[in-house]
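Join these two chains into a complex; the hints should help.
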Amino acid sequence: MTAQQRSLLSRVLDPFSSITTGVWLLGLLFLYCSIGSAGVLYPKSFALFDSSSWVHAQLRQWRPFEMTEFEWFHWWPFDLLVGLICVNVVVATLRRIPLNVINLGVWLIHTGILILCLGSWIYFASKVEGDVPVLRRELAIVTPSGQRASLPMIPGNAIDLGQTRVRIWGVDPEWHDPEAAADAPTHFQAQVFVERSDGARFLRTLVDGRPELSADLVQTDDPMQPMKPALEVSGEPLAYDDMQLSLQLAPSRHVYLAHWVQKSWALYLREITGGVPSEWVQRPVNDLPLYNDSVRSGEEIWSAPGDPAPVHPLSVAVAANSAADPLPDTVLRITDYLRYARMQVQRAAGGPHDPYVDIVLEELAGNEWPYTLVAFDEDQWQADEGFVGFFWLQSEQEKTAFGEVAPPRVIVSAPGGSEVADHEVEAVVLNDEELAWNAVPGSDVEFRVEFIQDFKDVEFTGSLASVELRSTEDDRHWRRFVFDGTNVERNVDLQPSQLMPDGRRNIAPTPGQELEGFEDVIDIRYVAARQPAPISILAGPEPHELGVVLNIDPSQRGVYMPVEVGERVSLGAGATLRIDGFASHSRVEARPFRVPIRERESQVRHRSAMIGLEVPGSREGHVWVPYHHYPLNSQRDNLRRFNYDPTEISMRDGRTYQVVLSRQRFALPSPVVLDDFTLTEHQGGYTGSTLSIRDWTSQVRFVNSDGSYSSRMPVSVNSPAEHEGLSYFQMEWDPPSPSRGQGDVPSKGLNYTVLGVGNRHGVLIQLLGCCIAVLGMIYAFYVKPVLRRRLIARARERASTSAGAV
Amino acid sequence: MTYQGKFKLCVVLVVLLVVAGSASRGRRGGDEATGFAAAVNLSDLEHLAVHDDGRLKALASFAHQRVGFVTGPKSYRGQSSTYTYLDMLFRPEEYAEAPVIFVKNEPLRAQIASALASRRTVSPEARFHDIARERFLNEGRISEVLLDEPAVRAVLQRAERNQLGPQKFARAIQSALAVKRPDFLRRGLRLVPPMPGSPSDTPWIGLGDVHAPHDGHDAHEVSMSHLGAEQLAVLEPALDNLRVAWRAEDRAQVESLSAELASTLRGLNPEVYPTASKLAWETTYFRLYNLTWIWMVYLLAVAALLIGIVHPWKGARATGLSLFVIAFLFHTGAIGLRWWVAGRWPNSNMFEAVTTAAWFGGAAALIFEWFGRRTALRNVFALTSAVASMVAFMCAYYLPLYLDPNISNMMPVLHDVWLYIHTNVIIWSYVLIFMAAVSALLYLLHRACGGAAEFVRFGGTESLSAAGAGSEIAQMSVASSLEAAQQDSARVNAGGALEMTAGDGARIARVLDGVTMVLMELSFVMLWAGLVMGAIWADHSWGRPWGWDPKEVFALNTFLVFAVLVHTRIKVRDKGLWTAWLALIGAGVMLFNWIVINFLITGLHSYA
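The listed protein sequences correspond, in order, to chains A and B. If you count the first sequence from 1, position 257 lands on 257 in the working numbering, and the numbers rise without skipping. Heads up: take any position in the second sequence, counting from 1, add 1000, and you land on the working numbering.
To be clear, the hints were calculated from the coordinates, so they are not data collected in a lab. Wrong hints could be hidden among the right ones.
To be verified - Calculated cross-link-like contacts (lysine-lysine; reagent style BS3-like; alpha-carbon spacing at most 30 Å):
no., chain 1, residue 1, chain 2, residue 2
1, A, K44, B, K1008
2, B, K1314, B, K1278
3, A, K748, A, K228
4, B, K1008, B, K1314
5, A, K44, B, K1104
6, B, K1006, B, K1314
Just chain B, with the same shape it has in the complex (with noise of 0.2 Å):
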């Protein structure tokens, strides 16, 4: 087979292989709500505003995130999860014996599998089947009662005295515990915002703890004396009311109550009231996923770019290019509403961090698609952003639990105008780097496929400026000693640069190198101006612009390796190769810096 024909074929197989992949992992959720479940409309008490840790949030992200801290990442039932949440408080012991408590840790699920299966003396309500053994060893959730049971605490009382290991799985399960329990759930439905006129700092109250004055009353009452009484007669039954209608299951009553506390709330402070859309919007953005589904729509532009790039056939070049642009228009939106909702542009933690490069490494790939629409790198760039924008998605996707979608407040630290320029600016070097490998590793498959060892002799941007470069011109522009072996390739093949006059695989491979090349040349320059601005933060921040920290050092050791890179371009004769080579390993040290650091070696920048 011609080298043609493997390079075209590895690529394909290559989208094959994704696409059945990803097809492979399937939905996630699984089940479907039945009965109340599926039928009550908790749309009314979804856009609810509750004060959670200096926020207000909608009901519904507030529940997304307690009933995940108790069921894990997956709904539970496919309830929704405000549904969960209510129904675990109006409903406690439907929750007692039925698996609804997230174990996290793998080894430790197992453990406790174990530990259940040893157990000599059984009760009725504690057995667990087979399938509830492979359900809870797949799914990670277990009832309370087994948890409950000798042999389990035994097993968790263990792992809770273990600091390297297990440790903070079993507190996970503890609080679990207690964030289900009825009167946790009822003290954080923080609904009652303070009274018109009071200072910012006054505490929203939770429905529970509204009562109507009479003697002796106590702080919270005092405040609440002035509500009238019309407002009280909805506010001080509400709890009781939903619940015996929630326990009858009368959904006619439970939305009509609803309805009537949504009002009247909204009516006590309009002013410090969330509005209406920006709770409904909340609340749909956390039922879409988080648009964390946006991965399939870069997929598909993935799978058209990398058809058109290796076969010409215009027609898959454009349809890869509307899809990447259609993609990054969802993406732009999940951004911009996720930036509306939080208050804050969103790089705060790793959710945002990820999403938010991958953004970053969309806009850049626009800008070098319109600077190169006339060269050949043209819709490398897109092609490059797409797999890092898919991935970043898939990861926020299939891996909620280490990129927790929800929304919190910033770290006082982080209140900061260099934190802005010095996060983002790194995330963006980040991106680049990581499209620069994609590129990098596409030039080595087509090396594996014996593919020419063909390069850019200019470096990127210079191949993005269309006039080629003659021999010649090489000679008299640069230093000559530097670039003495440089001289000794060019002779090899004096076309023009990117003039398309050589072989197809030579155009690959130089098409390739060059997007490599524009890609590693600005994420080199972000990256140390990101770290200098990181520095100047950490000055007045830390009082000290370097602290050794980790995720300091290993920002600098990706530097290094590009620093590496950059001279050894100059030194060696298959200089794509090596470029290939050592941006691979650059974004392999990235990579480590964002996932191995982060949460494995803490440091001082452990907010993100």
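Chain A on its own, in the form it takes in the complex (with noise of 0.2 Å):
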């Protein structure tokens, strides 16, 4: 009975002691690994010889795979070739080869890979990785109130408390003491600007670790120096010592799970009561994609023309899984997943009369424009300075009128009266004595028009018309400058000695020499010459109807040609207009938009990624949430740097929401606080560039149970630091930014740091069985060929002696 099982196992085993298997599955390994690693190449026609056929895809990262390369590489078929590898090294090594001095080598190489194989077991299986922003410092306030808050100590975030207004002016963290030493250490500084309802303003310096060093800066009257410092206004350095600030360490308690080693999505749920935020719960996701986009219907997202919505079902159900969750029964559903889009403000088809039309102008060399034309819309009607314009027609004959020119006109009257001077503007010619004066009905009043000239610039486009104006019964002779335009609403009159020769500098009259002048007499309008655009797009009197005309030859009238979406109009010279959407009825509308793979940043990966979320028992129904790289408070935590917003959720009880897509998180052990960080620079300091950094330290501490913090802990770069089962890695850093727009304050960096985070089970396993290996290989090709050459000299002389004995 035993020998027969024996025999069983051993004829199940047979296969594996045989050297050709294990070059079998090594042969299998190297592929696997190289289709994970480098991806595949593979035709996509029949022209093998050209390259612009051959398409390079990483296979792992397809539909049915979606797998990061740490998931690729820990998936069941590499996990059972490993297995088969190492049932076929502990057969083949023990049934064939006989440990001796001289095998010895093969032994310890194969007794290293197994344990390398089960040390790599332990630590994949459990391997942790991810990373946490620790701030270095916060400011704790007290108001004179008692009311308590803080404020991450970034520059330009601020903070009102009721009446009062807390800004942080900025930050210098590697700060000086000019009465100490040269080579002193420096000190975290910081400037607060505080600006109370009362009108009290004051500029408060704080000083890490130096509490007398804080200062007030107040306002004075003094318009030379408009801040001084208190201690000369009132003999005491602060001010207003009813507002406490200070300075203190600001822990972190969550480590989130980086993305690449494992998908790690994670949505986080908060109610909002009062406008106040509780805090954020966590609900894993699973099986949420990462490479690919499904979306339920191409009408959900904007894509870029050419581009095709990836439309695949996809339901993924997130359950609560915390008590603190504040919708417990309500299952979210992720019903879309786009890796890469942002929201984006379109025009779509539906809605009110307001027509409008997608239209792309092309170039010879290639180049677009693209531009959406409103009809309706005053700012959007025509495009490219008046080269194109949009209209919508009332009726069958105005596609024939359509087009031609009008010319200039002033239409001038007197209050009141009924009669009114149309004149139309002819050629006009600078400072022509000559011109004509015509007479104003219902006024002793004459005018001319001197000139026309149309401007395009930012502070005005439009035209203007400068009217010379003069009364036949006194001496008062004007001028006036009158305009068609968008931007300026009113006539401005001038003396005819302010007027420059072009017309601009003088517009607005200077103070205290506004002169009366013919406003209450004389009315004057002026139309500017219209002239059908180059290229008018007509829509109308139907609401399919599109046409267009075209004058860009001003020899030659445009006549009406109808088009429809999706056709080409030739411009001539190699240029076309392309019509890529048109509806007469239309409404705005936000929806992602996809970003086509090609326009796509590859550093930016999963990081501008969005779902589609499904809430049952909302208003809404249906939301769009961005990712979120850390699930932040708010706005202010953002580390001038990280995106902050929140999607709202109004249930139908009333009750308000928010939720974010971020990664998975779990607490430290201990929350870890940022006591300094030290950039250290090469030679000249830094200069912008990474190479002219040598390392980045982070002195870190942790908070232990009873609120203390333990001695401090040097992280930097190939230096890491190990607390309670986890090594902190120097990851990222805080360079210096400029200003981020008004108001802001630019930011001198190093205002917190970046720490990875992981577990190292198994690495001891890992690092013995290789050590092994490595003797086995110096051993087997070192060692082994003196040994036998011995063996073989020995075997000589026992075989001359033997000889000789004989």
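Laid out in structure tokens, this is it:
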């Protein structure tokens, strides 16, 4: 019985004692690794010698697989392959390689490999890796009324506390006390600007670890020195000591799992009660793809022309998994995933009568100018500086009448006068003294148009007519500029002497020089020449009708040509007009725009991802939720860098929630704080390039359970710190950044660090295995030959002595 | 024709082909500078120290990098980079219509050319003759005026939008245009060291930023405020004076101003200023094309060694070996000089990795030559190393775009003792793999000419030990089950492994197989050890010993190929042939890792 069993087992193991099996398994492993890492190259056409017919693809990222590198290398086929190799190694070694001095090397190598596999199994099965941003300081605020708050110490951050606004004006992360020795350590110094509703404004300087250096700058009436040290004004360093401001450490409590190790999507949910948000509660998301987009229908996203919408079914249920979840009974459902998208407002068909057209002007060289034109929108009915215009036709007759040229006109009337002089301006010559005067009916005033000028610049776009006026009764003689344009509303009278030849500098009369003119007597309107745009796109009068009138060649009057969406109209000289979309009834809609693959910045990866989320019981029903690198509590926590744009959900019961898509997190065994952060530079200091940096060092501490801090631990590149089973690595830093716009302040950087956090179970076993294998190789290749040579020599000796004996 | 004749003929043909092929590539550059450019002596300026991204460089090497950014790797009009840099700064108008902007990507060149051809209206300064077009398509340089043509701008805009392909080339053109701007060139000249006693991170300032202090001074002026009147009198007007003299092509004036400037700058803070000899050597190193022409010496060594190995002619062997040693000495000089100039061991970019790896190959070859000096394997190690070094330097010489010879600081993560160990061990194993592939290729050539299916019976290192191994010892020494197959073949030729009793063809086969095995065995151990060291480094630098990064995976793949080789050799009968093919495949995977993965599939290892 036992013998039979043994023979069965040994028969099963027989194939594994063969070297050939091992070679085949190694070959398969090679293939598996190559495909997973470098991807595959395959031809999409039969033109095999044309490089453009070859496509490179990462097989593991394809829709059926959807694997990161890490996941591909922990898929069951890989595990199976490695397992079979291990069995092969064990069986072949035990059965076929006797353990002796000569074979010791092979034994060592094989043993080492097996130990390595064991260590790797432990390591990868328990691998956790993520990152944690740690802020250097936060501002602790206690207002005179006893209100407490804290504010992340990031330049530009501000908080409103009742009637008081506190703003971080500037941070000097490496402030050097001018009174200290030159080589004294630097301090973290900050300036905080406080504005109170009672008008008090002061700037407080805070130095970390040196509270005695806190000082206020207060506002004075002295225009030469609007801000003065409080010490000089009142003799006290702090003018407003009822406002307590201090710097404190800011503990970080969570590690966010790195996405590239394993997909680690999570939704974060919180309730907003009376405008105050509660804490984010995590809901891990499994089975959400990472590489391939899925949407329910093409109607819910915007896509670039020629980029088909990725319509695929997707339904990932996300249930609450924590007692703290604000919506414990609501199962959210992810129905769409876009790896790289941004919300964009565009026009779509449907809605009220509001005709729009999407066009693209294409030049011969391949340049494309896309426009959306809206007929009834003052700012959008034309584009390309009037080169192309879009009009709605009321009647069939307008089709033929369209495109007639209307000359410029000046309409002059006396107030209350029923008569109006409608003067058609002919070509005018500057300073033409012979120009005829025209009477204004119902007054004693005469006028003539001196010149007409068209403007196209930032301040003013439109046309200007300079009208000269004179009274036939008295000596009054004036010029008036009359505008027909979008940006200027009032007419300006000028004395003739003020007029500049270019007619522009003196448009606004200087104060005190406003002279009485004909404002109350004469009303002048100027209607600039109406010329049809070189390209006029005409819609109507029927809802589906669309046509084009081209007036590019001024000598030929254009005729109406019906066009359809998708059609190309030649504009001559190789240029074309393409109609991409048209509707007579339209509305503006915000939808995610799926960025075409060729326009994606590669380093963005999944950071611009977006999901469509179904929320049962909500008024919205379906919302788009963008990816956040961290689920931040507020805009103030964004470290001048990360996006903060939670999606709001209003439930039918009137409650309000927020949701963001982010990564799974776990709580650190003890929170970490950043005591200090230093940058070590090469000679000449930081130049903006990483190459001028020698190292970064985060000095971290851990918060013990009793609230005290552990001793400082430096974390720098290539030198991690270990604490409670987790390793902390220097990962990212906060470089200096310029002001982000008006009202903002620049940052000198070094306000926070990002630490990598990971565990390393089994690393020592792996290392042991590797070292044994190395020893085995050295033995097999370099010790064994020597031993064997000695054996040979000894054998020869023995042979010769025995021969001699004979 | 006999086997031997065929083999020798083949080898000679290979030699001729390589020589002819390299000769046909000709010199690079081609243009000779004339007039002022040729006459003016810029050595004082070339030896100024410039601060650039945390490094102090000689102006010559700084200009080489910056001008290379604009005009591409080849010299512009045969001018020195320093000359071109200063000329673009002082006479920008000369460079508006001249073809100076380098377009790296050839398809993009073609698009630009066709856009220019399709224009309807052409202004006189924007004409694009056929000759100019041909030159542009070949050399890739085009003028700023032409790049500013609307048709070309449209091409570039389109390229810029396309992330997948030409975007980076279009962006490179934009940066070239930016670098060429006189104000950028002026700001780059950070020649003025900080005052003595200031902290080491005090920035160097540009020559154009030196102003005599006056009321309402700014920070820079304050830092300059303790300059002596004499120094200020030289520094403040230095750029303007130089410009005037330059534009007047007043050679003597330019040279005397340069000398004055050089001594004043050095005098400001002699402590932080690099020594004159270091700056001079750095300049020389760049002027000598970073000594990349050493490939020609290696080529001669290869030719002589090949002839010596296939033909029983001692003179060729001796010549080849001497040439190899000479080339290796040059090579050592190049590495040492770069080490000294850069202030760190040269292995942090592609240029350095390739040339340093080749040097390791040379060192290994010399060691093997010593141990194997009495065996038939002698001189083949030198040959394989000479081929590897020749190829490495040819790449550096002909492809400076891919193997950038400029010196920069290392990324912070690379400052680690394990970096030195890990990367050097890895590149050492890579060059050994390459060398093994050279002997494997020769072995295949030998077989293709009908040579005997011979091999060494006990692997490489044993063949290096001169004692022959009899067949009876093979039986007693090794576990017979594993090497049963070997016994069969051992019986075929019972003579000593490398005692040259058999015919010449068999001897060559055994020599080549032995060399392949020696190199393969060492590379096997080193590759594995290098991978382990990389894991140790990664464990404390990135937080994980192994991250399945493409570069890691393909290093593992290379190892897998050699693991297959070792096991296949036990099993098959025609061990030599299988070994040669697998050594070639291993080298292919290694090169794929080094070239394709590095340039096309980016990962964490993108530093080198």
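Right, here's what the structure says about each hint:
1. The straight-line distance between the Cα atoms of K44 of chain A and K1008 of chain B is roughly 44 Å, outside the 30 Å bound, and the hint therefore fails.
2. At roughly 43 Å between alpha-carbon atoms, K1314 of chain B and K1278 of chain B are farther apart than 30 Å, so this suggested pair is violated.
3. A hinted pair counts as satisfied when its Cα atoms are at most 30 Å apart, and K748 of chain A with K228 of chain A qualifies at roughly 24 Å.
4. Proximity of K1008 of chain B to K1314 of chain B is assessed by CA-CA distance (about 16 Å); at most 30 Å being required, the pair is judged to hold.
5. Straight-line distance between C-alpha atoms of K44 of chain A and K1104 of chain B comes to about 28 Å, which keeps the hinted pair within the 30 Å bound.
6. Between the alpha carbons of K1006 of chain B and K1314 of chain B the distance comes to roughly 21 Å, so the proposed pair stays at or under 30 Å and holds.
Checked against the numbered hints given earlier, the structure breaks hints 1 and 2 and satisfies all the rest.
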